[in-house]
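Participant: Assemble chain B onto chain A, guided by the hints.
Residues per chain are reported as follows:
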Amino acid sequence: MAKKRHNVLKVLRVVSAVIFCSLLTLMFLDFTGTLHRYLGWMAKVQLLPAILALNVGVVVVLLLLTLLFGRVYCSVVCPLGVMQDAVAHVSGKSRRHKYHPSAAHNVLRYTILAVFVVLMLVGLQSIALLIAPYSAYGRIVQSLLAPLYALVNNGLAAVAERVGSYAFYETEVWLRSGLTLGIALVTLAVLVVISYRRGRLWCNTVCPVGGLLSLVSRFSLFAPVIDADKCTHCRACERSCKAECIDVDNAKVDTSRCVTCMNCLEQCRFSAIKYQWRYAKSSVSSTSADAQTDTSRRKFVTTAAALTLAGVASAQHKSTDGGLAYIEKKRVPRRAVSVKPAGSVSLRHFSDHCTACQLCVSACPSQVLRPSGNVLTLMQPEMGFEHGYCGEHCTRCSEVCPTGAIQPVKAEERELIQPGKAVWIRQNCVVLTDHVSCGNCAKHCPVHAIQMVDTPDGQVPAVDETRCIGCGKCEYLCPARPFSAIYVEGNETHQNI
Amino acid sequence: MPIMNLNMNRREFIKTLSGGALLTGAALTTACGSSESGSADISSAALGDIPTDKMEYRRGKHGERVSLLGYGCMRWPTVAGTSARESDSDIDQAEVNRLVDYAIEHGVNLFDTSPAYCKGYSERATGIALSRHPRSSYYISTKLSNFAPDTWGYKQSVDMYRRSLEYLQTDYIDFYLLHGLGMGGLENFRRRYVDNGVLDFLVSERAAGRIRNLGFSFHGETDMFDYLLSLNDKYDWDFVLIQHNFVDWHHAKQVNARNSNSEYLYTELEKLHIPVFVMEPLLGGSLASLNQYATSQLKQREPQRSVASWAFRFAGNQQGILSVLSGMTYMEHLQDNLRTFCPFKPLSDEELEMLERIADNYVSYPLVPCTACQYCMPCPYGIDIPTIFATYNRNINRGQVVTDLNDPAYGKARRRFLIDYQRNVERERQADHCIECNQCKPHCPQHINIPKRLNGINQLVEKLREG
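Residue numbers (the working numbering), protein chains in the order written: chain A, 2 to 498; chain B, 38 to 504.
Next up, chain A with everything else stripped away, as it sits in the complex (with noise of 0.2 Å):
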């Protein structure tokens, strides 16, 4: 076989699509907080996120390019396109059956997409959220690839302790959500299965993104031209297209579905296939999905009557010295609302903004952040207090958010918001069911919203709602267990002090 020829643009794009899916991808397992600063670009140029910000400079960039280049967006800054490429790479080296050119699932696709415009307006968000590309990639990422990342590193933890070096430290790897491993499992499966035997099959049939820029890129002013009077109609550039969109027999490129990846170039030894130039009609289509929608949240009923479990190692007398109390894990109380983070304004404009691509639950450096399980807000984030709590001048979440749903937060400014307030559950209280003084929560409440009263059984806490800012600081610090006696209830708008 002649040695392959290798086409500038092609590696151009290789070369590019790997530093960006790379980086953006360390950005999601760093839990140091390290990256986030330099690299949280790379999240809020994703096309969706974009738009749920209301980031116009960035949408009108996005589809500029598109419009001149075509769909490049898809196979350099997509993480998931890329991810699917290099599956198909595998694919390629090790499969005789290439691609056959098909046509375009047009009223799929169009369907599809309108569907998951829909979904987003009326306020169904985490059942389109499911297919949205950037969002599939970081749940994968955190889900799946993150605790490994964590793994190693915890390995190398305890090899550097062991030798006394301070190079690499523990962090705590455990499921945040069991649904979203799931959900972040199935889509792997999917993309896997569907990449591997029909290339870009999936982000020319069912991804939003990738239907909304078809509409751009089918007039894209550079693309690849098939020159007929060169074609010997060897249909090599037909069996490399991941996109199925060469029409050799008509010298036709279908420019929706084509995602300019290059490989055609390369592999056409009569260079009857150059990406250039081609005259086209413009037009731009809109896109405005700045989404309006009623979604009425359903009320939990919170008795919290099921925390009457005892929850507490109960002091014991010590006949002997040594050895640990045992210590049951913290439970997740029900709260009636959940607990969003400072800067996602409300309940409605948090659900309406968020993606769930996860990126915050990978950089909050508390745990708090975790994907909710509920139907409604699916794996969007929401915050729990059983591994750390919300640090009053910690905004990193907000720091970090593509899509605008947790709007930026000063440092300063943490302390003044109220996400949710604290509320005290008198029979898990451990000054009524172990008789001892305690006090945990208001010691550590860092706005000082907690004060002990007196009352007949005991001093007990006593919460200022209108101080309190939510940081779960006293539910985490709460020794009763596996409920803590003292929760923090979400408020459906966030509050300012």
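Just so you know, the hints here were simulated from the structure itself, not pulled from any lab data.
There may be inaccurate statements among the hints.
DSS-like mimics (lysine-lysine), calculated; alpha carbons at most 27 Å apart, straight line [as the list claims (entries may be wrong)]:
| hint | chain 1 | residue 1 | chain 2 | residue 2 |
| --- | --- | --- | --- | --- |
| 1 | B | LYS290 | B | LYS308 |
| 2 | A | LYS330 | B | LYS91 |
| 3 | A | LYS444 | B | LYS478 |
| 4 | B | LYS308 | B | LYS382 |
| 5 | B | LYS489 | A | LYS444 |
| 6 | A | LYS331 | B | LYS290 |
| 7 | A | LYS422 | B | LYS500 |
| 8 | A | LYS444 | B | LYS500 |
| 9 | B | LYS91 | B | LYS336 |
| 10 | B | LYS156 | B | LYS192 |
| 11 | A | LYS94 | A | LYS275 |
| 12 | A | LYS422 | A | LYS444 |
| 13 | A | LYS444 | A | LYS411 |
| 14 | B | LYS192 | A | LYS331 |
| 15 | B | LYS500 | A | LYS411 |
The calculated label-pair distances, taken between Cβ atoms and stated as ranges, are [stated by the list, open to error]:
| hint | chain 1 | residue 1 | chain 2 | residue 2 | range |
| --- | --- | --- | --- | --- | --- |
| 16 | A | LEU152 | B | ARG169 | 39 to 47 Å |
| 17 | A | LEU417 | B | THR332 | 47 to 55 Å |
| 18 | B | LYS489 | A | GLY374 | 50 to 58 Å |
| 19 | A | ALA87 | B | GLN329 | 51 to 59 Å |
| 20 | B | PRO403 | A | GLU329 | 30 to 38 Å |
| 21 | B | ARG169 | A | GLU329 | 41 to 49 Å |
| 22 | A | LEU152 | B | GLN356 | 42 to 50 Å |
| 23 | A | ILE128 | B | PRO403 | 58 to 66 Å |
| 24 | B | PRO186 | A | VAL333 | 32 to 40 Å |
From a predicted model like this one, the values you see are computed outputs, not experimental measurements.
Using N, Cα and C, we set each Cβ at its ideal position, and we do this for glycine too.
Facilitator: Leaving out everything else, chain B in the frame of chain A:
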């Protein structure tokens, strides 16, 4: 600078990995520095064999010939490789046997235990190991550790005594102690031993020959000590166990306001010709690992001797000391100590002066005077009190507690301290989880205000975490 996430903690996964126990164990022992013995910087080859016939012996009140190095049995090794004090694993009986055999072979003949040690398993393990030797070749010391109020009754206390005989596989005890007098004051002493008639019973047991020497161990202030010695006419104390080391000699009050200088305790006992047992010769291990100033002073004189050896020489220096008890978990501890006691070299006046200077320096550091005795444990709310204090002390000694943001060492020290804290103390057992229920306080023989010190350490940690 980025805020490290240090809320995360000792991870489950390490624990569940089978090798995890070993890793954690190794880390804990090196880290805690609480094992009461010398550092293991000895190479037998270079230092030569340990003689088997050079042990220093002192005479007890009734002519007993007791080795100056006594084996404290509160830190037996476990199968996980850690001391039974810090681990939930079972005691490694084979290793206990090996240590006991080696100790006896090299002249150690006093073994000190208690029903409370090693979560209640020390007496059994010690009994098994010792019963393999002739009863006349060793002395047993154990205690009536009736700390819990439900053991204050006559029957419960006498049962505890009889169980000691059973577990130690013997029909007499050479040295029997009232455990921890001074803790809880006079009231506590009366309730545990006097009002219930237990002390009278023990005196009768001594008359019957089943207790050969009756004494008490002491933690507290001098007026209580004076009172107990005033009872000497009535009870005829055969020996007393006191906390004695070169820091407590003159500086007990600086380390802990409610302790008494061992100089006073020792002098009072000597006046009455009561032989003295020594506990905490290393002040909970902290005198085995001193700051750089002290270490270089000691190493200049005896480069090959461990830092701990100096503390042991001080502890055994006075002629009225009958035995110095050391809890030795590892063979390295035992060997290092045997080198100190076989033969025993008294300190010169100049060396005593040097240790006095080191003691002055020692008390100028804001350490928590925790000896890792674990009497406060288990904390009902799961706080790992001794490990928190040990981690804090170790970082103080290493100069890794820096709070001044302008100090050039701040960044590195901060990272190291926080990582060290996170590595050694499980997240849910850290100081911020202390609810100040104060249940631990009366148990501390050092009278440390544990909740207050925990709170102080937590404030430091939170300040550093904020950056």
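Participant: Hint by hint, say whether it matches the structure.
Facilitator: Status of each hint after checking the structure:
1. B:LYS290 x B:LYS308: Holds: B:LYS290 and B:LYS308 sit about 23 Å apart, inside 27 Å.
2. A:LYS330 x B:LYS91: violated (55 Å)
3. A:LYS444 x B:LYS478: Holds - the C-alpha atoms of B:LYS478 and A:LYS444 are around 19 Å apart, at most 27 Å.
4. B:LYS308 x B:LYS382: holds (25 Å)
5. B:LYS489 x A:LYS444: Roughly 12 Å between the alpha carbons, so the hint for B:LYS489 and A:LYS444 holds.
6. A:LYS331 x B:LYS290: Distance of about 42 Å is beyond 27 Å: violated.
7. A:LYS422 x B:LYS500: holds (24 Å)
8. A:LYS444 x B:LYS500: Between A:LYS444 and B:LYS500 the Cα gap is close to 15 Å, so the pair holds against 27 Å.
9. B:LYS91 x B:LYS336: holds (24 Å)
10. B:LYS156 x B:LYS192: Judged against 27 Å, a Cα distance of about 22 Å means the pair holds.
11. A:LYS94 x A:LYS275: holds (24 Å)
12. A:LYS422 x A:LYS444: Answer holds: A:LYS422 to A:LYS444 is near 17 Å, not above 27 Å.
13. A:LYS444 x A:LYS411: Cα-Cα ~26 Å, so holds.
14. B:LYS192 x A:LYS331: violated (41 Å)
15. B:LYS500 x A:LYS411: Between B:LYS500 and A:LYS411 the Cα gap is close to 20 Å, so the pair holds against 27 Å.
16. A:LEU152 x B:ARG169: 39 to 47 Å: For A:LEU152 and B:ARG169 the Cβ distance comes to about 46 Å; the hint holds.
17. A:LEU417 x B:THR332: 47 to 55 Å: holds (51 Å)
18. B:LYS489 x A:GLY374: 50 to 58 Å: violated (42 Å)
19. A:ALA87 x B:GLN329: 51 to 59 Å: holds (54 Å)
20. B:PRO403 x A:GLU329: 30 to 38 Å: holds (35 Å)
21. B:ARG169 x A:GLU329: 41 to 49 Å: 42 Å Cβ-Cβ, so the 41 to 49 Å window holds.
22. A:LEU152 x B:GLN356: 42 to 50 Å: Since the Cβ atoms of A:LEU152 and B:GLN356 sit about 59 Å apart, the hinted range of 42 to 50 Å is violated.
23. A:ILE128 x B:PRO403: 58 to 66 Å: holds (59 Å)
24. B:PRO186 x A:VAL333: 32 to 40 Å: Holds - the Cβ-Cβ distance for B:PRO186 and A:VAL333, about 38 Å, lies within 32 to 40 Å.
Hints 2, 6, 14, 18 and 22 from the list above are not met by this structure, while the remaining hints are.
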